[in-house]
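Required output: the full structure, derived from the provided sequences and hints.
Those protein sequences? They're chains A, B and C, same order as listed.
Position 74 of the first sequence, counting from 1, maps to 74 under this note's numbering, and the rest follow consecutively.
Throughout, this note's numbering is defined as the position within the second sequence, counted from one, plus 252.
Throughout, this note's numbering is defined as the position within the third sequence, counted from one, plus 544.
Honestly, the hints are just simulated from the structure, not real lab data.
Keep in mind that the hints are not guaranteed to be accurate.
Said to hold, decoys possible - To give an idea of the chain A side of the interface with chain B (calculated C-beta under 10 Å), a few residues:
#	residue
1	F84
2	G106
3	R109
Bear in mind the structure is a predicted one, so any value in this text is a computation, not a measurement.
Quick reminder that beta carbons are idealized off the backbone N, C-alpha and C, glycines included.
Each chain is listed here by its residues.
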Amino acid sequence: MPLLECRSLSRHFAGLRALDGVDLEVYPGEILGIIGPNGAGKTTLFNVICGVLRPTAGEVLLEGRPIHGLRPSQIAQLGIGRTFQISRVFKAMTARENVLMALGRGAYRSAWAALTRRPGPAERRRAEELLEKVGLLPYADQPAGELSLGLQRRLELARALAPSPRILMLDEPVAGLTRGEAETFIALIRHLHREGLTVLLIEHNLHVTMQLSQRLVVLSHGRKIAEGTPAEVRANPAVIAAYLGDDEEVAG
Amino acid sequence: MYYYVVVGIALALYVTLTLSLNIITGYGGQPTLGHAAFLGVGAYTAAMLMTRAGVSWWLTFPAAFLTAALLGLVVGGASLRVREDFLAITTMGVGFVVVAVFQYTPWFGGVMGIGGLVPPPGVDKVALLLIATGLAAFTALVSWWLERSWAGIALRALRDDEAAAEAMGADTRRFKLLAFVIGTGLAGLAGPIYAVHLGFVSGPDFGFHFSITLLTMAVFGGLGTIRGAVAGAVILGLAPEVFRFISDYRNLVYGGLLILMMLIRPTGLLGVTSLRLPGLPGRKGGISRAAP
Amino acid sequence: MLLQQLVNGVVAGGLYALVALGLTMVYGVLRILHVAHAGIYTLGAYLGLVFYSASHNFPLALLGAMALGALAGYLIQRLLYQPLLGAPPLVPLIASIGLFILLGDTYRLVFGAQTLAFRAGVAEPEPYRLAGVAITGTQVLILAVAAALLAVTWLVVNRTRIGLAWRAVATDLEIARAMGVDAARAVGLNVALGSALAAAAGVLVAYHYNEVFPAMGDVPAYKMLAIVVLGGLGNPVGTVAASLFLGLAETLVVAYAGYLLPRDAIAFVALIGALMLRPQGLFARRGT
Ligand SMILES: Nc1ncnc2c1ncn2[C@@H]1O[C@H](COP(=O)(O)OP(=O)(O)O)[C@@H](O)[C@H]1O
Ligand SMILES: [Mg+2]
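Okay, structure coming up:
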């Protein structure tokens, strides 16, 4: 049974079909890559799954239970962790506090618990472990807003991992990074995957996605135009056309 | 001696109010331009219960907390619908409407307000000073606890970025409401003290000018910290006394001080750095919201 | 009776529109709630008084006050707002409130705390009567000047290069810069024009009620904020509509249900009600 499933998922913006009847399954333990030219609807798909946007039609199921219509915080409580395409660390908080904040997920379920409980030594230790894991320990006490983009990305990763999510969703995690930073990040995701994490990865860059994913879903103009292993997708003429069309638009 | 006691009571009330405002605006990042109205609701609750129902002054405290927090819940509800500048204006509007209701409803004493409010026997000005100081200390303690709790961390996170806080599993609606209820409830608790200290309550006293004074105190001292709120309340609370010799220029000095503070040190004297960092989630367009 | 109230309401709404329009324009390009705008309004009233008592020429007094009001607005954005660009919204808001307090006190120190008569010794002429409706000469004057200024502003915003630059800056600064817009100059001119409108409103109100006093900007300061929010912050057409709506609503509510609410609270009741229904303002465009 798939861990996460989208059934004919659609989201329209005033006539624009950003998502148009997309079917998708994510199986436990895999890295599923979602690729597609700019404006294909990848971020919209993420936002619908995470509850930031309501679907116009269709459903999202987590282990068979419908989750569309829930608030983003409720979906996060169910174990879906995410990063954002444009870095959204808590700028005024230190790196350590950013991770600590994410560790409060259990307490945030009720106002009373959040009010009466506070982070203890266990959470502080866990925050250090996570910072260590992404290589941010040396920067633990710097305000997150002052970190470089590459470090902010890793901080977002640590933050998303903090409450041990069942699925990690990454939106273009290496866009804007230097080659070295990107390599580090990719190695990190590989490592997490070997530890059993399920990952849903959006990446505009074909090279990166092909390298990381076992399976790919290709979106174009809100529709799923192909699905399969990297090799299958690479050979698919529809995919090549979609990307070429995009390049022509960019060049023209 | 009496003079110092009276000034002391005023300062303790300012500290309480500024700290309570800091919970909403400093920790939670929600602008409030009508905070004095919640003091007013607390004070009127005490005044009404004492004069109309003969309730003991002591028992009006919980009632003042509840009525103020209830209105706070309503305004907090507005903060779920509107944001930033819209919310600032909404809170200002709520302040105006509350004052207008007090002033124009005969039941609340109308323009005359409610007078003849005296503390129970045995509570003289010195005792009142002790009680007011106790309330200020209690408010500081609540703030201190809140800052360190998971709720406080969630509030600071949502002040930075609401969408990211949601993605971490914190229901931003819940925590905003919590900040409003606690902050306004504490402001309401100052009401009974205020009422018997002055001996009367009158709608316009809780108007926009008082609200701005409180916001200014919090910002001047530094939003988001206890020490900042206390410092702002004490320094600006004492300023009218200290500047008495130039009392004709008081507003001039006050306004000038605000401008200079914003130009030179917008984080306040002792505030956190978050006010300094540009690029808080803003809208596209307009040159002030784009990082220079 | 109703017709009379409608006329009074439109006059009040026209005055609101003059002040609120400048405020909403400033918000559009600067994203600052420019509370001190009402200080310019008061400045306009005092300047108008000074010029009028010196020359006894009303058009001259109006234009003089508008010119100096524009200069004052320009200086405020140059010296106060430009340095605060990029700060969180609360910072310029508090600076603006500080400036408003400072301006009010300055007027008091310079001109005295007492209320001054604008047209000393000149009595208001008999109103014109038309189908049972009394319209005073001042009301006609206000309507004419307000309509003319609003029309000129509309033309500037919609039919000139600088208006285009404002709209570009308001929509997306980066794109505006890429298009070659000199943002600093555009903003300066924008605030100057908005301030000229506020100063004109100050002169008209001072002339109408025949009084000028330091705190005359207090109520407008808050009420204008309510109006621009009702009009969908930064939306000029919505702001004019909201101004007229409020002018009429106030006049009618006071005339027919005066005991319910004080005139100056109506703006906020309308505002709160409207915001709860439409969080982006009554006249906001969708998706903004
Ligand atoms: N909030 C929104 N309102 C209107 N249109 C939107 C919104 N979000 C995305 N879109 C449009 O939907 C389409 C898909 O966008 P997006 O999901 O961001 O694409 P991708 O992430 O694949 O680049 C684009 O045409 C985009 O302009
Ligand atoms: Mg995207």
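Check the structure against each numbered hint from earlier and tell me which ones fail, lowest number first. none
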